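J.: Given next are the chains, with one letter for each unit.
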Amino acid sequence: MIRIENLSRKFEVGNQIVRALDHIDLEITKGEYISIMGVSGSGKSTLLNILGLLDTPTKGDYILSGINTSEMNDDEMAHIRSTKIGFVFQSFHLIPRLTAAENIEMPMVLAGIKPKDRQEKVEIALSHVSLNDRSDHKPEQLSGGQRQRVAIARSIVMEPDVLLADEPTGNLDSTSGIEIVRLIEDLNKAGLTLIVVTHDRKLGNRSDRLIRLLDGKIINDNVK
Amino acid sequence: MRFYDLIFLALSTLIRYPLRTIMLLVATSIGVMAVILLTAVGEGARDYITGEFRDMGTNLIIVIPGKNETSGGGSPVDLAGVTPRDLTIEDAISLRKIDGVKNIAPIVIGETSAQFNGLERNVPIIGSTQSFLSVRKWEMETGMFLPGSTLERSPPVCVIGKEVEKELFGGSNAIGQWLRLGDRRCRVTGIIGTEGRAVGIDVQKLVVVPVSLATALFNRPSLFRIAVEAENRLVGDQIIKDMKKILKKRHRGKEDFTVIRQDAVMASFDNIFNVLTMALGSIASISLFVAGILIMNVMLVAVSQRQSEIGLLKAIGAKNKQINQLFITEAILLSGSGAILGLILGHSITQVLKISFPTFNFLPPLWASYVSLIVALMSGVIFGLLPARRASKLDPVIALSGNK
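Line by line, the protein sequences give chains D and P. Position one of the first sequence corresponds to residue 8 (my numbering), numbered consecutively onward. Position one of the second sequence corresponds to residue 35 (my numbering), numbered consecutively onward.
Derived by calculation from the structure, the hints in this document are not laboratory data. Since the structure is predicted, the reported quantities are computational estimates derived from the model, not experimental observations. Virtual Cβ for every residue (Gly too), placed ideally from N, Cα, C. Treat the hints with care, as some may be off.
Which bits of chain P does chain D cover? Going by a derived footprint, with three or more residues having C-beta under 8 Å, they are [what the hints assert, rightly or not]:
id, segment
1, 279–290
2, 339–346
3, 349–361
Start from the sequences, fold in the hints, and give me the full structure.
T.: Laid out in structure tokens, this is it:
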């Protein structure tokens with residue numbers, strides 16, 4: 008489903024050129040559960056951003072569901088992000104002035120889906136994360152774990168193919184962290200491709216496949 | 035994105051930052067209010083001035099003796115013609131036969147003493163005919179104005195202003211009493227109800243007599259001017275042509291008189307005040323643009339404050355165009371509701387001013403409301419463009435990792 012060929016991403020920092028990703032090849036099949044690990048600066052976040060079409064490679068190809076994304080314009084990439092990719096962030100990234108339900112609704116609002124259809128899907132997403140009774144709470148009225156559950160509900164409401172999670176438990180205590188991990192693992196078992204970026208070894212070891220990055224290169228790719 | 039979602043999202047932001055929103059609303063509404071108030075003053079001034087002229091009668095053509103022109107340089111006969119011939123009652127009578135003339139009022143002005151029952155006072159006198167009432171659009175308080183066809187004959191009657199009545203007759207009924215004017219006597223037939231001024235004289239201090247009585251009183255056949263009322267505006271030009279022809283013939287071929295059209299004077303005043311009002315409106319519009327720049331400033335700050343939100347929206351599928359729309363909508367909502375607030379404030383304050391200063395008519399022109407609303411919305415769009423563009427061009431990765 009995902010194929011990355013000879014992909015590089017360089018940044019210019021002052022006069023220096025930083026190779027965040029250096030000639031990477033990677034293939035991911037549908038339904039996989041992958042952890043990407045590495046020290047900070049190893050390029051794991053850059054890889055996730057490129058997988059999520061938030062960033063574009065300097066060189067090389069990223070083929071998603073048979074489409075070469077390097078030929079896409081901004082709007083087409085936005086469309087892919089909307090329909091095929093779900094994001095979960097370390098700091099949740101909920102819109103503070105909107106309720107839980109409205110936050111979950113946002114991707115559908117942007118996609119121009121009718122309000123009637125949206126409600127139904129919000130209900131389903133809320134029950135997936137067991138937050139039906141918190142639907143009209145603002146983020147500030149929710150605990151960290153609950154906020155991340157809202158974010159997960161938002162990420163799956165458009166029924167994407169891939170869920171990209173960037174340190175999903177980084178801002179949570181261990182109990183809510185485990186809850187969140189179980190939640191996204193359940194989604195994976197239901198068929199969603201799950202890619203988690205983390206530096207938490209325990210979390211990384213739970214996945215079926217562990218990819219280690221160092222200095223922009225894949226140094227380890229273990230399938231259990 | 036659907037239209038109501040756009041509005042909802044923009045509104046939710048405006049509600050989220052109430053202080054910011056209120057400040058911008060105040061800025062915009064002051065701009066719009068200024069436009070309404072200043073144009074109301076300008077338009078009110080115009081109404082006041084043209085109203086003063088309108089009181090002198092519409093469709094009015096006035097003949098004044100004498101003419102400002104360069105003459106001479108030729109024969110001694112030409113030099114002799116420089117002295118203008120007076121306008122006479124006969125001149126006025128001669129104008130009667132012109133088609134389209136509704137009323138003719140020859141006017142004589144002077145001052146003499148008025149006596150009644152031992153009380154004496156100097157009064158300004160206007161000598162004219164019955165037509166004078168309709169030409170000047172005066173109203174009678176009680177009694178009758180001058181009788182008809184007093185152009186040649188002069189029955190000894192007079193009409194007095196309210197102050198003359200009060201001063202000379204005190205509380206007693208003036209109508210029917212004999213008032214002594216100089217060496218003549220006349221019977222008071224009516225009291226003038228109109229207030230204000232006519233040819234510079236306070237109407238309430240005035241005594242109006244038949245024109246022939248006035249010429250006899252002042253022992254002078256010349257008229258101050260002749261006021262001719264046309265049946266309508268259209269015939270004005272033809273009447274002026276005919277008048278000039280007849281009077282020239284009567285004055286031995288010399289055009290030693292000046293003909294003025296009242297509506298021409300009024301039209302030029304109208305124009306002057308239109309320009310003035312528009313100038314005032316434009317000056318006030320500058321404050322609208324200042325408000326627009328303020329909106330831009332605050333929106334630019336908002337873009338950097340809301341970086342992570344913009345990044346998130348992009349991550350969950352927002353197109354650049356949608357981010358753009360979102361910020362533009364916010365700017366338009368701000369400027370639009372500020373404008374509406376300003377319209378409400380502006381019109382309310384004009385109403386208050388109207389009540390406080392009843393003599394001056396504050397008239398906010400309709401176009402001022404439209405124009406200020408449009409200018410406010412336009413400045414919202416124009417000054418919203420830059421922040422919206424900046425927001426939509428944000429790199430989502432940098433935006434997401436920005437402030438949280």
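J.: All hints are to be evaluated individually against the structure, with a verdict given for each.
T.: Going down the list of hints, with the structure as the test:
With a cut-off of 8 Å between beta carbons, the segment 279–290 of chain P has 0 residues touching chain D; three or more are needed, and the interface restraint is violated. Look at the segment 339–346 of chain P against chain D: 4 of its residues bring a Cβ nearer than 8 Å to a Cβ of that chain, three or more, so the hint holds. For the segment 349–361 of chain P, the assignment as covered by chain D holds, since 8 residues bring a beta-carbon within under 8 Å of that chain's beta-carbons and 3 suffice.
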